[in-house]
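Given the sequences, and given the hints that come with them, work out the whole structure.
Protein chains: 4
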Amino acid sequence: MVDSAYTLFERQQTERGIDVEQVKEHLKALKIETPSWGYGDSGTRFKVFKQTGIPRNAFEKLEDAAQVHHFTGICPSVALHIPWDKVEDYAQLQQHASHLGLTLGAINPNLFQEDDYIFGSLCNLQPAIRRRAIDHVLECIEVARTVNSSIISLWLADGTNYPGQDSIRGRKHRLFESLQEIYQALAPEMRLLIEYKFFEPAFYHTDLGDWGMAYNMALKLGPQAEVLVDTGHHAQGTNVEQIVAYLLDEQKLGGFHFNSRKYADDDLIVGSVNPYELFLIFYQIREALADSQDAVRQNAANIAYMIDQSHCIEPKIPAMLRSVLNVQTYYAKALLINLAEVRQAQEQQDVLAAESAIREAFEFDVTPLLQVVREELGVPADPMRAYLKSDYGQRILARGKGGASW
Amino acid sequence: MVDSAYTLFERQQTERGIDVEQVKEHLKALKIETPSWGYGDSGTRFKVFKQTGIPRNAFEKLEDAAQVHHFTGICPSVALHIPWDKVEDYAQLQQHASHLGLTLGAINPNLFQEDDYIFGSLCNLQPAIRRRAIDHVLECIEVARTVNSSIISLWLADGTNYPGQDSIRGRKHRLFESLQEIYQALAPEMRLLIEYKFFEPAFYHTDLGDWGMAYNMALKLGPQAEVLVDTGHHAQGTNVEQIVAYLLDEQKLGGFHFNSRKYADDDLIVGSVNPYELFLIFYQIREALADSQDAVRQNAANIAYMIDQSHCIEPKIPAMLRSVLNVQTYYAKALLINLAEVRQAQEQQDVLAAESAIREAFEFDVTPLLQVVREELGVPADPMRAYLKSDYGQRILARGKGGASW
Amino acid sequence: MVDSAYTLFERQQTERGIDVEQVKEHLKALKIETPSWGYGDSGTRFKVFKQTGIPRNAFEKLEDAAQVHHFTGICPSVALHIPWDKVEDYAQLQQHASHLGLTLGAINPNLFQEDDYIFGSLCNLQPAIRRRAIDHVLECIEVARTVNSSIISLWLADGTNYPGQDSIRGRKHRLFESLQEIYQALAPEMRLLIEYKFFEPAFYHTDLGDWGMAYNMALKLGPQAEVLVDTGHHAQGTNVEQIVAYLLDEQKLGGFHFNSRKYADDDLIVGSVNPYELFLIFYQIREALADSQDAVRQNAANIAYMIDQSHCIEPKIPAMLRSVLNVQTYYAKALLINLAEVRQAQEQQDVLAAESAIREAFEFDVTPLLQVVREELGVPADPMRAYLKSDYGQRILARGKGGASW
Amino acid sequence: MVDSAYTLFERQQTERGIDVEQVKEHLKALKIETPSWGYGDSGTRFKVFKQTGIPRNAFEKLEDAAQVHHFTGICPSVALHIPWDKVEDYAQLQQHASHLGLTLGAINPNLFQEDDYIFGSLCNLQPAIRRRAIDHVLECIEVARTVNSSIISLWLADGTNYPGQDSIRGRKHRLFESLQEIYQALAPEMRLLIEYKFFEPAFYHTDLGDWGMAYNMALKLGPQAEVLVDTGHHAQGTNVEQIVAYLLDEQKLGGFHFNSRKYADDDLIVGSVNPYELFLIFYQIREALADSQDAVRQNAANIAYMIDQSHCIEPKIPAMLRSVLNVQTYYAKALLINLAEVRQAQEQQDVLAAESAIREAFEFDVTPLLQVVREELGVPADPMRAYLKSDYGQRILARGKGGASW
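Protein chains in written order, with full-length UniProt numbering: chain X, 1 to 406; chain A, 1 to 406; chain D, 1 to 406; chain P, 1 to 406.
Heads up, a few of these hints could be off.
One copy or two, it doesn't matter: identical chains are merged, so the pair holds either way.
[Claimed, not checked] Result set (DSS-like, lysine-lysine): computed pairs, CA atoms no more than 25 Å apart in a straight line:
#1 K47 / K401
#2 K252 / K31
#3 K401 / K389
#4 K389 / K50
#5 K86 / K50
Read the hints as simulated data drawn from the structure, not as lab findings.
Here it is, written out as structure tokens:
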């Protein structure tokens, strides 16, 4: 049935003016980085439900990540979190990754789990604590250098819980000073991705509370600093795709932390709450990829796509597979947008035709397309089914309970 | 200066037509229950910052709670959380409380920290898990009987994270069945307070997601079931005081879990984010206390006022003192509303005069009033300062780090 | 291509265990009522952009509505709004409808556009204004009787803008008293659908602010009173499908006012913001249609599906067509959910399999299915294209500018 | 009683280390601009309730505004909205203002009420419409020149209602180009204040949707462009005072449009929903006024304080008085913050002491202080009472119904 379905799909899309081969090329070029911590136990403040078979260290996390790449063919790199993935010998870790067919991706410093950071890290009033935090990031830059990673992905939990607890502007100055030192330490090919978050763990103000604040910092730091968009880190109602478009236009979009949310930073499987939003984000990226300005096209081509989720009740590897497949699915749909048709409708200010041209692409079933792409990539047409049929999930049960968690 | 300030205050209020003695009587009658878990370590999913001096068991928690009562005179009871406060001999715990001048208050079952509860407790599809959860609540009812508590305070973390994960209506049926068995086990003088919550730890649907669902359950269970309003458990923008008024009017308001929030269920010190909202809640209660219907007055008089907060970065005892003092402050202000004046403005449909009559009461500085009330209650005029001057905070440091947490 | 696409679709669904003929029956049974006011000019508080060709009276509105039915085959009834659609002779209006192949549907009283209603209608403190409001609803019941409509659809704009402006509980009493009189006047076959709304035009409290309040009223009024869910009338993040499930389970779901929103009550084309939510609402309905309880099945079968939108910038008839087609599309997708598969996954508490079983149905392209259904209904396979090709849009331009608006 | 109350207040504050004379100086320096349109009829999309006595033209609006200044002494300027306040001879209007003791303040172009603007004004795809919109703003700059106003206050309603309706980045480019031409036309002493808004009237994306977008534009335009913060134009939960602090720190805070909201852009009387937020905004300003950096102090000193409300059900002049008095009240409270005490607590990272130092100032009753300040300004101690006792409200009834509205 795949064959006839794909034949039909191809004919249909060709008639719409879509170059299916080009779509396939784009899909094969898509790379999604999975995070080492996504394979560990995680939960809410109320409870971490420990699962059996969780990797016990960074090496085992890479093994699980390798499964995701093995079955999808599009997840060749893994993000690390230091110190969660701290090892004595990073070269050895990289070698392990390499044997598994992986590379090591973004290095994520941890600036929220030391007792010292109760009142902040890079923004802390105490110079000694800022020093410690800066040094930790510098150490992460060293790790990046060692493992050939070019991305430092910085999420700052800093903020306050009560009005007056600290000076908002004072903290802004300290943050910028800290970031400047960090920025200076970057190797020329490295990028510092600055993440913002609406709230949590801080409940009154968050030092990098929205894209505007992250953008302001990145702008003042220089071209190697860019903004990281975590799809779950916004106020209710925020038009995330507009922020994406804005950052692309300013050439300051560094990458994504993909996940879904209905309420706060729920960290659910990306695409599971409002898949249309994910599709619309990719529409903005696709438009930028076809832009007339070199700089915009270049930014769009260099976006770091990363998953950042917290699977509380799901089995980890299948949850990660689902996430990756969802991103692939909605990217594929966005590639079916007939941009020429959209532009024509826009030029005629025909609201319904323009809206329709977008939504129409969303309505197509891209399963046959993805099946063919996967076959051409040499991976199973249905990665989830293939993984579930494999014995990997059974084998790791031998690890027992009590693996890595955060 | 207190004297002259109070003299001035009394004169001013008397001229406004406020019966200051009656206000003082109301203030002396206010009782606020503090939660045992509010004295332990707590935090966010990212980090629990362990403090030195945290009580190591239920007995020491009561000792800390006794301090709050000692300095405020209005916190004579303490809510327990089972199993966090599980002891071999509850009679001994009660005796300890009694020696400290305290009683034991609401008993809070814990239906979210067992591995079994990963997919719910009272709503779980598996009968054995529901059985376990029901049995736990029945055990709590026994504890209540033993310690002479008349309130079972039920917060249900049950819910799902994804569409389709479980049948919403199926869970509703199971929940009702579970609650019926629990309700049957209540002693005649006991009340079952049913708490609702917008979200967290469930991120797709929460089985008791709003007041309407809790009300629906309470209504079908019977007169001993009432709704518990946690001030932080609502969608952004929700008019909480309207829900309070509605429940009072239906004689189904069981009590409060007080705390503040700016974003989600932030569990900050009550009154620290939008104190006007707390005041407006008390305005509805005050209006109900003066209602012409006996049943409404009675409901208003029997509200259980309880604190439920999660102090992540604050020293616990002072944070609890601040919370209690804030509730007292905004209740005092609500008592200064000239209801006759409000009603007159309402009858004339004079929007600005009515609004003004409410806000005016909020603007008064009730410090002199509270100082006099405290003196008459035999506690320090400034409880916070008195506590900070005492050596209690120093003495408990001997407990070391690593006390109770949740 | 339709043929081969449908053949493929049918085979695919049959292999999944879906009874395609039954799906088609369900789709043919779906009826969506369009609102007369949806064909008139509308806008925001800032501006109503007047379009050319807007119907000038109720008769012309019906003519436009007939187009929507003509091209879709599933919109045989039209909701009226009194006094916007006030005519001297309702029998004549009904005859006009009948000639157009239409019936007259829900009668919507207007309780917000008289100067008298500045402080409310059914809740107003002034008995004379309540009298006027009640009388207006009674008049609408008479209209319903005349035009053979069995639904009174009541949206109440009542509320206050400031704390203290009026007594929340006093208004609740007045509202119930007013509704009782209205309820008494219903003919036995009539239903009173009570709509709630989070806010707007009231900005402090809305007398029917959420489903719990509407449910409370409906419950106390009796079996002919039910709740009306307007999809845009909720706080951000609200799980609307859970409310739908809850009301179905209590047999109190009267109907829907469909529209989309990203922010407040945006009244956009239904399905244009988060189509997955619309699909999930239909999943709950579909589950109820297959319930073991007669009463639940019956409620699900009697839901009144109505559009209620405010097309500010869109041409009206195509916007209505798009809305109707979207509802049809997402209902069709919900019909492709394999309930047995979902239940099996639920019973195994297999979160990912359950979620997947739901989402999978959403991913299918139902275009071939809908094309065949439409052919069998005797309407064009692509109603939008057919309408745009017709000269109706051109012909009505003769009406000029300045037609009906609200 | 005022005397003794003030004596007590002064003693109390002096003992706290507050320089009451300095506080009074600050209060006397506070100027709040009221908007001409705030005196006209306004409403929601559902209904504009027409009041009797509404000014019929710009001249009469100034007369009403003069009352507000007459009774408060702090509202010497009035913002104009073109074309709502269009007159043949602006010099004559200015002369009228001058006779009334007023000056003309910010000039507000109207870019949303022409039929042409259905798809935007400065962002519109059609060059001719952008031209018209730019020309209108240039005309407003001319008006500003004529009436000696130095502020152009630009609110842009531009946005889209549906994904794909127009190119987000294309609109951004057009907007910047349009703003550049406008910026070039500014006289050297003029400031262009760029307002942002979360949503409404656009419901999918708003071209200037948050402070980050307005800041981005202002930064690229140059030093005469600044950001205007309308307190009601944010997503739920947004920390507005943090944005204020951020903009002050970047010297890009142009001014405020004050109003209150509980839900969307409710445009209620400022300070009526969450007065603590208004106070916290002033805390940030007060801190900036005392900053060590000249540029920050200078920005804080040059903030344009403007009211922008939509009084739907309130009598206009008293509503404006209440707004002005509220701003004055919460500014006064912020002036009572003991900054040295706050800073000391911050340096000791004493969360509760710092929070307390802020909230304490909020708790003071500033009525006696304001009464004395008003006496010294030569206005009534109770401006609202004085106005209500005057016959102005009666006299204007002669204007009848049907005055100016928007």
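Consistency of the hints with the structure:
| no. | hint | result |
| --- | --- | --- |
| 1 | K47 / K401 | both (15 Å within a copy, 22 Å between copies) |
| 2 | K252 / K31 | within (20 Å within a copy, 40 Å between copies) |
| 3 | K401 / K389 | within (22 Å within a copy, 48 Å between copies) |
| 4 | K389 / K50 | within (24 Å within a copy, 44 Å between copies) |
| 5 | K86 / K50 | both (21 Å within a copy, 23 Å between copies) |
The structure agrees with every numbered hint stated previously.
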